[in-house]
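A.B. asks: So the chains spell out like this:
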Amino acid sequence: MIERTTNQKAWWLVLPVLVLVAFNAIIPLMTVVNYSVQETFGDNVFFWEGVTWYTEVLHSPRFHEALGRQLMFTFQILAIEIPLGVIVALAMPRKGILVSVCLVLMALPLLIPWNVVGAMWNIFALPDIGLLGRTINAMGIDYNFTQQPGAAWATVVLMDVWHWTSLVVLLAYAGLRSIPDAFYQAAHIDGASGWQIFRYIQLPKMKRVLTIAVLLRFMDSFMIYTEPFVLTGGGPGNATTFLSIDLVKIALGQFDLGPAAAMSLIYFMIILLLSWIFYTVMMRDEDQK
Amino acid sequence: MRRLGWLIPTIYIIFLLLPIYWLLNMSFKTTNEILGTFSLWPIEFTLANYKKIFTDPTWYNGYINSLTYVVINTVISVTAALPAAYAFSRYRFLGDKHLFFWLLTNRMAPPAVFALPFFQLYSAMELFDTHIAVALAHCLFNIPLAVWILEGFMSGVPKELDETAYIDGYSFPRFFVKIFIPSITAGIGVTAFFCFMFSWVELLLAKTLTSVVAKPIAATMTRTASTSGYELGLLAAAGALTIIPGAIVIWFVRNYIAKGFALGRV
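As they're listed, the protein sequences go chains L and H.
First residue of the first sequence: 0, per numbering that gives the first Met the number 0; consecutive thereafter.
First residue of the second sequence: 0, per numbering that gives the first Met the number 0; consecutive thereafter.
None of these hints come from the bench; they were simulated from the model.
Any given hint could turn out to be false.
In silico lysine to any residue, SDA-like type, Cα no more than 25 Å apart, as pairs [stated by the list, open to error]:
1) L:Lys-206 x L:Trp-161
2) L:Lys-206 x H:Gln-119
3) L:Lys-248 x L:Gly-234
4) L:Lys-8 x H:Lys-214
5) H:Lys-158 x L:Leu-28
6) L:Lys-204 x L:Gly-234
7) L:Lys-8 x H:Ala-164
8) L:Lys-94 x H:Gly-4
9) H:Lys-96 x L:Ser-274
10) L:Lys-204 x L:Leu-28
11) L:Lys-206 x H:Gly-155
12) H:Lys-177 x L:Trp-11
13) H:Lys-96 x L:Trp-161
14) H:Lys-158 x L:Asn-6
15) H:Lys-214 x H:Thr-129
16) H:Lys-96 x H:Ile-180
17) L:Lys-204 x L:Arg-283
18) L:Lys-8 x H:Leu-98
19) H:Lys-206 x H:Ile-7
20) L:Lys-248 x L:Asn-6
21) L:Lys-204 x H:Ile-7
22) L:Lys-8 x H:Pro-157
23) L:Lys-94 x H:Leu-15
24) H:Lys-96 x L:Thr-279
25) L:Lys-8 x H:Thr-78
26) H:Lys-206 x L:Thr-51
27) L:Lys-94 x H:Lys-96
28) H:Lys-96 x H:Phe-175
29) H:Lys-158 x L:Phe-22
30) H:Lys-96 x L:Phe-182
31) H:Lys-177 x L:Leu-14
32) H:Lys-96 x L:Leu-28
Computed from a predicted model, the values in this text were never measured in an experiment.
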């Protein structure tokens, strides 16, 4: 860790970033705040509404359901992607050309535009023309993600696992690579078992990168919009309507700007709060080193 | 266990490649064949879908538009983030921790929240439907990320480097450009890669801020899907082509990518 010196002039170095981000963040955010406390009937005429929309959103079953689905989805993909990513990273080759090949192939899903991911999974999972859909139905399981809520949910989860597990793999792999060979040799001399090596050498070394992985996966899965929108459109019914999808439905579909804005802010606050907790935990660990 | 170790990555990679293979498979079929017969490879192999994309301006312009705003965004993000990341890695200043967290919060802002206000903001500035609008909008999440990654890489450069240069009489700008930047080229490469990646895959904002002139390829795809029926073969070919730029840039940073994903913090 570098010892940092106090220098207030450093603000000048931060200024360009500050201006660019503030322009993009503060003006739109204030617009949202503005909408969230007013009512409009069009023609740019606005009436003060106070906290009406906030109360309405916080009490609406629709919001509760979308939030519930969102939390469930995020929990499930974290529970699958983090362990799976660690297992794959542990089994990856350490040296040679194979490393590059593995890394490049694994990173591929991360670089595909999100709507293409959705479209790709759509044609992959459709029961009539898709490889996955055909295969599952051929095994005697009735599967049609466009009509069965359960199947739609499972397909969205599987798509996310496909799309993002590699991020966890790459992070965990980076953590593993930072372990000097001497550690393994010492463990070997001490006669440590595979589990002990994992528990006392590899896992502690991966702790920091895994915190980053959890933070990034949490944030991104909480904001997920394009992939499920293209794949299922939030359906069937509301089965895969996550917070962002619901928000866009209200804001652009029904043009209820007030409630949509209030919902946006509550939604943003939830992400902020949870991320802040992760971030503080992460930074506390970093400071201890 | 060790001997069977290669099985896990192999199965995982096959799982990753299957949907991509299926997309490629469809892209070489005619829409009639896709809907009419089910086959694991194209029976009537055709390049017509790709030919259409490379000859029809509405299609290939989509790629040019996307690449244009992605490159502009990458240049802006990295250039602005370099001095800021240096400040965060070397100096303590009033409010530095709060500022750093505030920057990160923008990485957490759901694009769905900002879509409508962004449309109004950029319309008011008469930047609607320009490449620069999308490039600037993507700064919202790319600059925080760039600062975060670069800060990680810069903290790995010993401070003696700075001190020696100052003793040798280098001014700050000269030191920064001549000595410091060359010493973190790997970090800059990785950061540029990440900015490229996140700008390339984002669609919600890009679609909201454009209509005709700067329309990204991904939006061309969704609009085609809804207007002229469902031309699956064409859609698959367009999708397959969007994988290529990412695959090319990833090859260049493959040795640093793991470290980059750890945001330089390993």
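A.B. asks: Evaluate each hint against the coordinates.
C.D. replies: These are the hints, each one checked on the structure:
{"no.": "1", "hint": "L:Lys-206 x L:Trp-161", "in the structure": "23 Å, holds"}
{"no.": "2", "hint": "L:Lys-206 x H:Gln-119", "in the structure": "43 Å, violated"}
{"no.": "3", "hint": "L:Lys-248 x L:Gly-234", "in the structure": "12 Å, holds"}
{"no.": "4", "hint": "L:Lys-8 x H:Lys-214", "in the structure": "41 Å, violated"}
{"no.": "5", "hint": "H:Lys-158 x L:Leu-28", "in the structure": "38 Å, violated"}
{"no.": "6", "hint": "L:Lys-204 x L:Gly-234", "in the structure": "41 Å, violated"}
{"no.": "7", "hint": "L:Lys-8 x H:Ala-164", "in the structure": "19 Å, holds"}
{"no.": "8", "hint": "L:Lys-94 x H:Gly-4", "in the structure": "14 Å, holds"}
{"no.": "9", "hint": "H:Lys-96 x L:Ser-274", "in the structure": "15 Å, holds"}
{"no.": "10", "hint": "L:Lys-204 x L:Leu-28", "in the structure": "39 Å, violated"}
{"no.": "11", "hint": "L:Lys-206 x H:Gly-155", "in the structure": "19 Å, holds"}
{"no.": "12", "hint": "H:Lys-177 x L:Trp-11", "in the structure": "20 Å, holds"}
{"no.": "13", "hint": "H:Lys-96 x L:Trp-161", "in the structure": "35 Å, violated"}
{"no.": "14", "hint": "H:Lys-158 x L:Asn-6", "in the structure": "15 Å, holds"}
{"no.": "15", "hint": "H:Lys-214 x H:Thr-129", "in the structure": "9 Å, holds"}
{"no.": "16", "hint": "H:Lys-96 x H:Ile-180", "in the structure": "24 Å, holds"}
{"no.": "17", "hint": "L:Lys-204 x L:Arg-283", "in the structure": "16 Å, holds"}
{"no.": "18", "hint": "L:Lys-8 x H:Leu-98", "in the structure": "15 Å, holds"}
{"no.": "19", "hint": "H:Lys-206 x H:Ile-7", "in the structure": "38 Å, violated"}
{"no.": "20", "hint": "L:Lys-248 x L:Asn-6", "in the structure": "48 Å, violated"}
{"no.": "21", "hint": "L:Lys-204 x H:Ile-7", "in the structure": "22 Å, holds"}
{"no.": "22", "hint": "L:Lys-8 x H:Pro-157", "in the structure": "21 Å, holds"}
{"no.": "23", "hint": "L:Lys-94 x H:Leu-15", "in the structure": "22 Å, holds"}
{"no.": "24", "hint": "H:Lys-96 x L:Thr-279", "in the structure": "11 Å, holds"}
{"no.": "25", "hint": "L:Lys-8 x H:Thr-78", "in the structure": "19 Å, holds"}
{"no.": "26", "hint": "H:Lys-206 x L:Thr-51", "in the structure": "31 Å, violated"}
{"no.": "27", "hint": "L:Lys-94 x H:Lys-96", "in the structure": "38 Å, violated"}
{"no.": "28", "hint": "H:Lys-96 x H:Phe-175", "in the structure": "23 Å, holds"}
{"no.": "29", "hint": "H:Lys-158 x L:Phe-22", "in the structure": "33 Å, violated"}
{"no.": "30", "hint": "H:Lys-96 x L:Phe-182", "in the structure": "34 Å, violated"}
{"no.": "31", "hint": "H:Lys-177 x L:Leu-14", "in the structure": "22 Å, holds"}
{"no.": "32", "hint": "H:Lys-96 x L:Leu-28", "in the structure": "22 Å, holds"}
In summary, the structure is inconsistent with hints 2, 4, 5, 6, 10, 13, 19, 20, 26, 27, 29, 30 from the numbered list given earlier, while agreeing with the others.
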